Amino acid sequence: MTSLKLGAAVLRGAVVSAFLASALSTTALAAPPVDLSKWSPEYVRSIAGTEDFDTAAECGKVTPLDYKGDLTFWYQGVFEGDPDLLRQYYKDFFETFRKTYPNINLKEQALTYNDLLDKFRTALTANAGPMVVRLQILGGVEFASKGYLQELKPEDVGWSTEDFWPGAMKSVTWEGKTYGVPTNNETMALIWNADIFKRAGLDPDKPPATWDDVVAYSKQIHDKLGIAGYGLVARVNAGNTPYRFMPQLWGYGGGVFDEADPNPTYSEIRLNSAASKRALQASYDMYVRDKSVPVSALTNQQADNQPLFVSGQLGMMISHPSDYNVMKDLQKKATGDDVAKAQTVIDNMRYGLIPTGPDGRRAVVFGGSNMHILKPEYVDGGKVDLPAAKAIICFWTSPEWSLKMAYAGSNPGNLNGFKTKWMKERLDNIKFLDVTTSMLPYGVPFPALPQTPEIMNHIIPDMLQNALTGAMTVDQAAEDAAKKVKEVAGGGGL
Amino acid sequence: MTIVSGHVAASHQAPPTRASLLKQMWVSRTDYLYVLPAIAVMLIVIAYPIYYTIDLSFFKTPPGLQLRDKIFVGWDNYTAILSSEVFWKVTLNTVIWTLSSTIIAFILGFAAALALHRDFLGRGVLRAILIIPWVISAVAASYIWKWIYHSDFGIIGAILVQLGLASRPPNFIDNINSVLPSLIVVNIWREFPFAMIMLMAGLQTVPDQLLRAAQVDGASTWQRFWHVTFPHLSGVSTVTILLLAVSNFNSFIIPWIMTGGGPSNASHIWITHIYELAFGRQRWGVASAYSVLLFLILMTLGYFYVRALSGNDRRGPS
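So the protein lines, in turn, are chains A and B.
Residue numbers for the first sequence follow numbering that gives the first Met the number 0, so the first one is 0 and each next one is one higher.
Residue numbers for the second sequence follow numbering that gives the first Met the number 0, so the first one is 0 and each next one is one higher.
Here are some of the chain A residues that sit facing chain B, going by a computed Cβ distance under 7 Å:
1) 117
2) 121
3) 124
4) 144
5) 145
6) 235
7) 236
8) 293
9) 294
10) 297
11) 298
12) 449
13) 457
14) 465
15) 468
16) 470
The following label-pair restraints were derived from C-beta to C-beta distances:
17) B:71 - A:125: 18 to 24 Å
18) A:337 - B:225: 53 to 59 Å
19) A:343 - B:81: 56 to 62 Å
20) A:474 - B:81: 23 to 29 Å
21) B:200 - A:102: 56 to 62 Å
In case anyone wonders, no lab produced these hints; they're calculated from the structure.
As the structure is a computational prediction, the values presented were derived from the model and not from experiment.
Backbone N, C-alpha and C define an ideal beta-carbon position, used for all residues, glycine too.
Bound conformation, chain A alone (with noise of 0.2 Å):
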């Protein structure tokens, strides 16, 4: 018993060394190639529609048109709370590379955020993967560290590493190897219902500068109006939980590790710091105490927003451009009465940045997605058919497509989309792209380590639901949750 425990140990400070050593090694990269200061909405207006590329003459000379193979692909695909016309241009996706490659039998399978990480992990552990899938970008590392994947840089699929975000490619990074091509990458933005503040008694353009302001506008629109706030979102196992939370946590200053710092070491836990409480208790105060969001925050997602801020019943939120859109979408949907309310609410909506913590501090989640390719042994059937995944790859992340496929609600991958004609159109078509472009320079990648999807879909929006449930205090919520992020960092927890 006593060598089965000092085994355990040994192996439990081995992980935790790997853990240490892999989360130094990802920040060592070399210093970002692409200047985040730049990108100004200004600077993107001046480059947008300024060079034409030729997709599928840049995809042949990665992988011939005429190449005839097989393909299996999943991905995380449109869901309930997108825009119709996101839609649209994943169907032309698929098409356009169906006619580019016609002898390539291409079998793809969507997934919903929230599913496809459960769905990916259960067909790996009975070696029945797909070869091609683009995950979250919380999800690349879990699958690099466990071996799971090929190595694949942009460069294999005909572009270049600087073509990409730096905290993209950190987040397809592992161990100094590279392990995926980024398709887009988001920011959001903070969303209000001038018409709501200005009933409220609010200043209709001025937006809360911090988080305590948005405590504050909350219980001031709830009070005044009867309707919430601010559209607080904390269930588990939804990408959109962490997606609101963190902003809030890296703003206050806290965060899980160090992630929010400019050289990240990942090695201290500071979920239970006092600013990380403070964070939380800014979120209790609005549920709790103030009652000033939505009660169903717990079982909710932002999709359970939107119908809210359609209807004038949520005065804030923090969301994508693409809400715009969204909002369009749900008034064709309404009826009688409903219709010109709603229209009232799209008139009345704006976009800002996203608030301060109480020292100025502004961060905003560095979001969305990657693709990457499966080791054989992994996959149904097993083999993969490199060719035809590094077609799809490079379609997909090409400058025309990783921009038409982040239309309406993020930024292409592929930094050259924004110098493409699409972009150009979507400046003027897309309202509201520039604050999200804004708040570019303050976004914070998630960490990247294996145990992050856990800490992020897990550990997080449980905190959350402990203290805003009253299950736990505002304390000890934030220290069991730094107790847990200890426990998964060192490979054990239940």
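Given the coordinates of chain A, work out where chain B should sit on it, guided by the hints.
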């Protein structure tokens, strides 16, 4: 013929010795060959997963390692589970869920079966309506109930607010105290028709002449029910209760879809917790240990189920 005669002979003699058992098996070898494919399939789809789950329950599977690189930890998963607060919370939830759902669904089903046993106008229509919750998809029902219960714009909340009975919609599923009872209501709604159907079938077997004889002897309605009808339903009642209990112990769809076990684990029952541990958090070893414990409990319930069935067989048709 061989089997029948062999069975009859065996049932009237002393228990077979090992040699005689082997001899009987040899005599019936052709019959064993007939069932061999079924046994092979059962070994593959039932026996192997059980073996693999038991084996896996002695290993740890950290997030950074593949399942095949699992680390042997002996009984650690079992001791960790039994010493964890969440385990006891989830176990209590499971017991409350199973007992409440089973007992109340059975009582409601019994009442409905008795009501529908009488002949009255519209009986067929009412019977069809009452069966609806049981025949519709559990997934669809869960989504519908999620909207009915919605804490901000649910139908129940809206009606209560409109009628002035509440100032704001009641919090059914976003509250740690009300979430489990709210889900149990949905589960009972879905399951009582099953009990109703089983007991309606049972009621058909109660001999009319006995009831009439009791009536002639001056027995009241209650006495006829308690002394004639109810004893005749004891077999089918036992089976119904056991089937409901096993089904409720294994429930997944309603709690998973409606709340995912939340908020704050307040509606997690064993199956949802095991699913989350395995597929959401990759704790394959811990989830397997949970499954082994669950398996033992269900096997115990299964034992009583088989005994109840055997008892019915011994008693013969009522």
